[in-house]
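The listed protein sequences correspond, in order, to chains Z and X. Numbering of the first sequence is given in UniProt numbering, commencing with residue 1 and proceeding in unit increments. Numbering of the second sequence is given in UniProt numbering, commencing with residue 1 and proceeding in unit increments.
Please keep in mind that the hints were generated in silico from the structure rather than gathered at the bench. Warning: the hint list may mix true and false statements.
Identical copies go unnamed one by one, so any copy, or any two together, can satisfy a pair.
As the list claims (entries may be wrong) - Calculated cross-link-like contacts (lysine-lysine; reagent style PhoX-like; alpha-carbon spacing at most 25 Å):
#1 Lys53 with Lys2
#2 Lys53 with Lys23
#3 Lys53 with Lys197
#4 Lys23 with Lys138
#5 Lys76 with Lys23
#6 Lys197 with Lys76
#7 Lys2 with Lys76
Number of protein chains: 2
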Amino acid sequence: MKFSPLLTELIEALRCLPGVGPKSAQRMAFHLLERNRRGGAVLADALQQALDKVGHCQRCRTYTEQDVCDICASPKRQASGVLCVVESPADIVAVEQSGQFHGRYFVLMGHLSPLDGIGPADIGLDQLQRAFSAGDLKEVILATNPTVEGEATAHYIADMANSCGLHASRIAHGVPVGGELESIDGTTLAHSFAGRKRVE
Amino acid sequence: MKFSPLLTELIEALRCLPGVGPKSAQRMAFHLLERNRRGGAVLADALQQALDKVGHCQRCRTYTEQDVCDICASPKRQASGVLCVVESPADIVAVEQSGQFHGRYFVLMGHLSPLDGIGPADIGLDQLQRAFSAGDLKEVILATNPTVEGEATAHYIADMANSCGLHASRIAHGVPVGGELESIDGTTLAHSFAGRKRVE
């Protein structure tokens, strides 16, 4: 004997969420049915709405329900001439929260990963090439993750930018502010020493 | 700047799931939008369907989309005269998998917890009292969880059963089969010694 058909279906469907196994899915289904039917209804509706309407921005590829996202639609951002390349829409939020960047973004939605069959076209580099060729950019800031794949992707895009006569820069690696030196890994510390700045 | 309105709504809505914080909700939303739109659509539909149609069995209170669940609808189960009281519908599945029980169930959907304001009426004990008084039962097996609240609930129901002239029994506590003695806690071992059986 298993649960009733609709409950079994719901538990199965919840398993499509990342990190949710059979036990968690069961707990979620029970929680929604027993304690939070309203929350469940809101979730079903929000999910349907998002799936129906949220697509990618035509310019920067971030998630948006408009043709062009708010940042790309801003004339001030467009006029800045600086483009920041990130891996995920969440990275845009992180950079925006720093308050230090006022240019445009381009979201790769991943990184180059030949072993997984993810090549330049899969992360929108053909579209990025067209943006580079358009002639309204001065600088490209490469803010991909500091992982092996992120670095490789940054190098690849830097080559593309340089061949278009654009200045490409990589965000600095080093010791995070507020971190403790003894808990920082060796590679980061090596980067932090190599990128040292003179104190004047 | 945050995500687009619909995406923000979806991330907020996902947080109604137990154990899902802001970062997990974001990861889930991105996963559904980027890699599994079909899975997301199935989930939205399954959730809507379950919320619309899944209710409680009129007799045993488990989840079902019918008036009476399959087990309660079975004449053989009804005729058995044995009722097993469990805390959650998941417990029914566990007991059924053991293959040792062929009677009916009653699901409390929780346990007595005066500190949280959960009294007898909240776990359906008035309905259970009516089942006890109906006169077709011979034995009540108390299979609530082996926790303080589960034990207290079992004792309460045992008193109810005894006052109706019904035989109430509690499932055995002891060392789980396949477990190692050194990793079993003291209380369980004490139960296991107290409930020892003569080897003949």
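Hint by hint, which ones does this structure get wrong, listed from lowest number up? 3, 4, 5 and 6
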